[in-house]
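Need the complex rebuilt from these two chains, each delivered in its own frame; the hints are there to steer you.
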Amino acid sequence: MKEAPAIVARTRPALDSRAVEGVLLRARNLGPFAILVVLVPLFAVLAPRFLLVSNITTVLFTAAILIIAALAQALVVFTRNLDLSIGSVMAAAGYIPALIYTHTSAMGPLLIPGALIIGALFGLINGAIVAYGRIPSLVATLGTLSIFRGVVYSLAQGEEIGTAQQANWILQFVAAKVAGIPVIVILALALTALAALAMRHTSFGASLYAIGSNPRAAVYFGLNRERLVLGAYVLEGALAGFAGLLLGAQVGTITVDIGTGWELMTLAAAVIGGVSLLGGSGTMVGAAVGALVIATVSNGLVQLGLSGSWQTLVQGVAIVFAVGFDVFLQRYLLQRRA
Amino acid sequence: MPSERVQKVYLGRRGWNLTLVALIALASIWASFASPLFLHADQLLASTGAMVVSGVLALGLAPVVLVGEIDISLTSNLAFCTVVLGLLSQAQVNPAMIVLATLATGLAFGAFNGVLVAYGGLPSLAVTLGTLGSYQGLAYLVGGANGFTSFPSAIYAIGGDNIGPVPISLIVFAAVAIALAVVFGLTAIGRSFYAVGRASEAVRHSGISVAGVKMVAFCIAGITAGLAALIFIGQYGSGGGDSASGTILTVVTAVALGGLDIYGGAGRISSLVLAVALLNVIQNGMGLVNLSTTTQTIVIGLVLVLSLLVPEMIGRLRNEHAFANRSLLQALRFGR
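Residue numbers (the numbering used here), protein chains in the order written: chain A, 879 to 1216; chain B, 117 to 452.
Extracted from the complex, chain B is given alone in its bound form (with noise of 0.2 Å):
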């Protein structure tokens, strides 16, 4: 068991989950002002809907960043997966086969990825570089141009209907999350994959096998892209090769704004989930005031280089701060 300091150092940054806190208050007093409609229970849930699917592949995408890898393919395995949902519904497959067959599909799609980067040795980024591009052209090729439009009742529910107030999908993403947060927080297998992201070498020389926490980081990305499809097929209502393209942004800007060290081993499920409802609220909010999609576009990539840049400029002023104390320090002790 590692000590309690061990822990705290490798799980994420410092009051990250405050400054998360805070924005998400300061974002919803601007939306609330901006618009009267944006404080209203069934609003805030319903608007939960446009940030499901991102939000669960960010998630996915959490261990994947953890143990130092990126998979940006995914938004194309959830693409190829709302076309096997879309194949298997034309067949009239019973609704849990459905389910099966594509979390099955998600899942034997990030693992190819997983073999490839964790047993191949191959870098994620080119690897899933290029998977982004062979999902979705293999979507296309399967489904056809114009995608699938009738799915049983059954599907559409993941993604569409309410259990009392609450959309079934948000249930979902807090499961997914919940889960998540229970093994990274606490579990060893979870610190394994800290492990991994901040030092293979030495978790190598452990006994612990570096390829295989990869693997599985891996496997889970693909594993909540198909989940991912079966909650869009609800909010959306068709599937195809276009599914979900250009997700992929709003998915790594919320990993990035989690707080998720882009190089590996730090980062909490509870800053993901905390930056995810930012998201939700600036898109919420900027779409109840109307301000157009090209506009929102840039305010997210615009989010996503600012989550990057902000911790690393402070990490750096924080860096020289330490280095000039720690040279007054030694000034003062050699008597100068």
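One chain only, chain A, in its complex shape (with noise of 0.2 Å):
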């Protein structure tokens, strides 16, 4: 196609108004990055032990799993769609193959295969009811939270599944460390770039931006609303399902309870990382740092002695902070664009 200059020109727009657009997009970009320039330095200060290579590691190790069930919430949440039962799909992916696993030590080699085939099944279901049911996600993703946890806890019968009996190469595999960095970390990040390629670079992942920003004009545009929603859930699902395999051979013994607050968890570090619960906008990057920053607050939070329930209310303020910076900008940039 050939592009003549006078088209360039009349789409380019006053060059102040951008320029401002640009400050505050990247502001929302950036912030995450700036959360942890003014955390960091605030707990060495408050807890010395903060910035010792040993708790590093240590905020590192926890981070690992959470930027990547922060990634599987992100890639529904830029869809305008949300899942608050991906705690209970961790849960399941991360049991149901350890109690196979019990059961006949065949299943070792299959434990990454099995998390992920059970995570993108709970994932099919959940993206079934909201792409084609139509049920808005929350609703659909309140109801099925409790029955996969439902069915985790049937399957449990109460039994939890001890270090002793897990498979021994994922015990290893998730404590394993390459020049002093963990492993898993190294995977954190491997799949994040991998997330952010693809969102970027595929047209899949244009599509999924286009979904959440407009649905109806992203219809209109020829795409399958449906179709998409739904793999975008598979998707989510089969990383969680990982993470959650992760999960529970990170904390050694499995109980039915693993992942309970997860939702609140991972929503919280995308929405921090600049994934808009309005759909369509955000980045990978953006959701894996703010998944960095919620493993952050909560080691800093235990550091200074404050109790769990500071995290609960620090994440729950995020959100709705977050979310109202969002939706200043939207109108800000609406305004300025009309």
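It is worth saying that the hints were derived from the structure and are not from the lab.
It is possible that some hints are incorrect.
Stated by the list, open to error - Okay, the calculated bits of chain B under chain A, using three or more residues with CB under 8 Å as the criterion:
{"no.": "1", "segment": "197 to 210"}
{"no.": "2", "segment": "234 to 243"}
{"no.": "3", "segment": "364 to 372"}
{"no.": "4", "segment": "404 to 416"}
Ideal Cβ placement from N, Cα and C applies to all residues, glycine included.
See below:
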């Protein structure tokens, strides 16, 4: 296609307005980094142990799985949906393969595919209800949150799976380090990069943004909204399932309550990272940094001797603030463009 | 005054109440066959205790859903209210003052959601998801991990005592239900809630304050959270950050089963009351035949998903049907 220079000139808006918009949008994307820049010295001053190498490794160690789960959550948030059942999906994918392994060691090499399949299956159920049933995702996944957790409970019959009952290789894998860096951190970073590239350079990624930013226009444009949302949920489920498997191996003893509260944690991570709950904006890198912020805050609060209730409070407040900022930004941009 | 026809259109789904009554009858027949203990007046009245907290919260959620919003922070609001109850009881405050303060606390937290949603223009889904965490976090921080276990007997009475054979909590539920049914069924104020839920843009041009109506909805929800907290204490004897956590599932299920359109603008309080009754029969029956709480939770979750999916599917079929009829009519008209 040839591009006439006149058209290029006409499509370029006035520089000053674009500059302001750019600064605001960049602020939203750089926000999580800024929070880290403020928080780290703050915690370092208040809690001297915070900056020890061993503690930083601990933060990264806990952040790694949250990063993977936050990537998963972000995937559906891009489409203007969310998944409250993510903690239950993680529990199912962490618990069920490990449970099968206690009966037959043949499951050993199949733990990862098992977790991915279980996660994808539960994602498929969520996606079908949300996309084809046209039920708001908040309400639909509130229901499946209990159903999936209930399935884990009934399979478990009150039993937990101890460290000794888990496959050795997965325990070693989760604890392994390469050059002092935990392998799961490298894995989380690799997945982040992969997800970021996929969102940026594939038509699937672009379609998810399109669905989230203007569902009706996306459909007029010829996108199959149902199938795309379903796809997002299936991928989200598989990714969450993988995170659940790693979480089970990391905590050692898999209880039926594993993953409880992760819906708020992953949503807070994604939202702090600039993934708007209004859909259609944000990046995978942002979600990952958001997860790092949540892990840092959790660790810092523990270092300061503050209870876990503070974390819930902080996550909740962060969600409200981030959404407030997003709505303000959206309104401001619309006003400028009008 | 809107005409009879218009009223009917926005009140609720056709045949929904009848369906609910039939389901209640079916569930009762199942329960009375499953357990000989079921069909006794004392047992039935006592069983309402397990549902009345969720029921009151569901009544409070109804106006919010009618205006097209959602409040999933209600149970966290309730948890904080029980902490306020505990603190004031510890300080030996007069029970009447405690009741007022609890209701005011619920109102304040509901109003906080309302301000952000109605005047701030933020999506209620995100706001109440955030406050779901914040309010519960606050409840734990203020109330401590152990919570409170001693309250004045007057407070216990609200959720625990009977007048004759009838639990006071059931009377409270009925009073709230009747009040809301009258407001939403008969008054112009009530109709403005439906109007906001159906076409907020049109309402704005008609001079009704959309933000004001939404604000009132969230305030009603908040007050019922305080009321439910008072009942909760009588039912469970303790209050703290973990009060009623997980109950939001039952609350939202009741609202969905009650045929309230989750996108706003339609639904009757009478249907909601029938839905709460149906859930009560189901839960009572499951409890009597000793089904595990896990199975009960799965059932409630399934009821939620189904009560949303089934009407959606029926509606879609009906639309297709209507569409097919219309094209047939057109074909006839054009002589094809």
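Comparing the hints with the structure gives:
| no. | hint | in the structure |
| --- | --- | --- |
| 1 | 197 to 210 | violated (count 0) |
| 2 | 234 to 243 | holds (count 7) |
| 3 | 364 to 372 | holds (count 5) |
| 4 | 404 to 416 | holds (count 6) |
Checked against the numbered hints above, the structure breaks only hint 1 and satisfies the rest.
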